[in-house]
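Asker: Here is what each chain is made of, one letter per residue.
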Amino acid sequence: MSAGENGDSAGRINGIKSALRVIPNFPKPGIMFQDITTLLLDPKAFKDTIDLFVERYKHETISVIAGIEARGFIFGPPIALAIGAKFVPLRKPKKLPGEVISEKYILEYGSDCLEMHVGAVESGDRALIVDDLIATGGTLCAAMNLLERAGAEVVECACVIEVPELKGRERLRSHGKPLYVLVESQFVPSS
Amino acid sequence: MFNVEERGDFSRSVFININSPRRREHGYVGGGGSWGGKRKGAVCREESNNSDVEERCITYRAPYVTSLLSTLGTGALRFNPSSAAAVRTGTRYSNMAASNSDHNQGYTVAKDDRISRISSSIRLIPDFPKPGIMFQDITTMLLDPVAFRDTIDLFVERYKEKNISVVAGVEARGFIFGPPIALAIGAKFVPMRKPNKLPGAVISEEYSLEYGTDIMEMHVGAVQAGERTLVIDDLIATGGTLVAAIKLLERVGANVVECACVIELPDLKGRDRLGDKPLFVLVSSI
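Residue numbers (this note's numbering), protein chains in the order written: chain V, 1 to 191; chain X, 1 to 286.
If you are wondering where the hints come from, they were derived from the structure by calculation, not from laboratory data.
Computed from a predicted structure; not experimentally measured.
Where is the CB? At the ideal position from N, CA and C, for every residue including glycine.
Under the rule of at most 20 Å between Cα atoms (straight-line distance), these lysine to any residue pairs were calculated in the SDA-like manner:
(1) X/K194 - V/F33
(2) X/K197 - V/N25
(3) X/K130 - V/E115
(4) V/K28 - X/V202
(5) X/K160 - V/A82
(6) V/K94 - X/E210
(7) V/K95 - X/D127
(8) X/K247 - X/E206
(9) V/K47 - X/S165
(10) V/K28 - X/P195
(11) X/K194 - V/P93
(12) V/K47 - X/G186
(13) V/K94 - X/R123
(14) V/K94 - X/P195
(15) V/K94 - X/D127
(16) V/K94 - X/P129
(17) V/K17 - X/P199
(18) V/K44 - X/R228
(19) X/K197 - V/C113
(20) V/K95 - X/D137
(21) V/K28 - X/K197
(22) V/K47 - X/E157
(23) X/K277 - X/V156
What follows is a list of derived Cβ distance ranges for each label pair:
(24) V/N14 - X/L209: 40 to 46 Å
(25) V/E148 - X/D276: 50 to 56 Å
(26) X/N163 - V/K95: 30 to 36 Å
Build out the structure end to end from the sequences listed, making use of the hints.
Answerer: Pasting the structure below:
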């Protein structure tokens, strides 16, 4: 589901949506980049963003918030702090010191890898995965695999923005995982 | 005059108890009760002939006891297992404070009962990212909700009444600590990023690494002239990254009030490299 279906949240959602900015042709031609940094410049909208997630999860006995480098590091920790959960950073290769487990995933061209610390997450942990945006869902699925390999239960994936045309929600659903987003954004391919 | 004590439950930390007769001669800040038992991280101010000498209280990690003992003078120390809490640097930080021209910098290393839990929650990883480097890993602190909460609270308590309108966080670990602080004090959060990550118009600052250079970027229009700004990162080593962030902010006319980090590596002299910019840290680690 997405927020905004609840009438109480509508005003906050509108404020959040209008604080986002779209940058055309970044990082490459044809891509309309959804920029959350302008949201971070609006303290009320940023706070509302966090509050909407916290309200949804605070009674769900979530013990782990996993945030995907780097913009997941901006939204994950405030949620974790508010609900008393651990924050676990999921990082690009070779950034985490010490022992890690790795999950490879496919990109449009080539592949990439996501890593998590051994021991950060335990069997029985109930986890949320947080990122700023879901596009194809490839990164979130890699994150999900890391957490499940470590024995955690992934309760939900939570993002500020969804680009529905890229079908990330369906990809997560095929793994049995629900998705919660605050706003949907239009993907407008260049002609 | 110093007792070095090792607590069983903080097996990686060494606490140094003060039993100095000097404390009866001079006033000290944050006293009350027995020095050792109650005032983890308290600061003692000692007047000397020419200048104020501040002795700062910091928790040291067990691997560094050897270097600490050689600094303070082994003859002054004896091991005495007990449940002491206070920690002191004695000579080392006294010298540092005396060489700092601004003695009114205040408590630039935090003093607080919460510090020992925060410090103990930080993990050391040897030989990362390369041999000889002892990496200070804050991810274990993020797994301790009380320690993480206390870390943020200590920064928020310091800055909430200071009319700070911008918290700038350095990628990527500055993104973990900066936003919670910004949210709590009602400030904007501005990410300072590696090249080609920020979309739209940016300004760039090149800075030196041990080998080669790197570039830091900030969005045009994120910060206005005159805004009171903090720069946040997990750790200050040589200070090169923080100086780059300060330069970017000052180029748009911002007023950088202070730099704040969880951890300082004082041997790398980052504090000196910041020049007249104050630095506030929670934990100082040799």
